[in-house]
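S.K.: Using the sequences plus the hints, can you model the full thing?
Start counting the sequence shown at 1; every next residue gets the next number (the numbering used here).
In short, the hints are calculated from the structure, not lab data. The hints are all genuine.
DEER-style ranges, computed between Cβ atoms:
| id | residue 1 | residue 2 | range |
| --- | --- | --- | --- |
| 1 | Ala65 | Arg43 | 15 to 25 Å |
| 2 | Gln56 | Arg33 | 28 to 38 Å |
| 3 | Ala51 | Gln18 | 14 to 24 Å |
| 4 | Ala46 | Glu8 | 22 to 32 Å |
| 5 | Ala55 | Lys14 | 19 to 29 Å |
Cβ coordinates follow ideal geometry from the N, Cα and C atoms, glycine included.
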Amino acid sequence: MSSRSAKERPVPSKALLQVRGKHPEGDPADPGRRLEAAFALSRDLARLFRAGLRAQGFSEAEIEALYRRGRR
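M.R.: Given below as structure tokens:
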């Protein structure tokens with residue numbers, strides 16, 4: 001059993017909730033829907049990455065440089 005309470009659990013992204021809501025656990029999504037969900041999740045990850053760097057005090061120029069370096 002996890003020591004986290006319900007309030008401490010991470011909130012899933014909207015894209016993941018949409019995919020889970022439209023398809024039962026055993027029923028795989030069609031390839032187009034999976035691709036759409038993967039793109040939405042990667043976009044959410046990029047937003048979280050940038051928000052985390054901003055919270056640490058990085059400037060927008062530094063964030064852009066780090067983001068571009070990581071995507072190569």
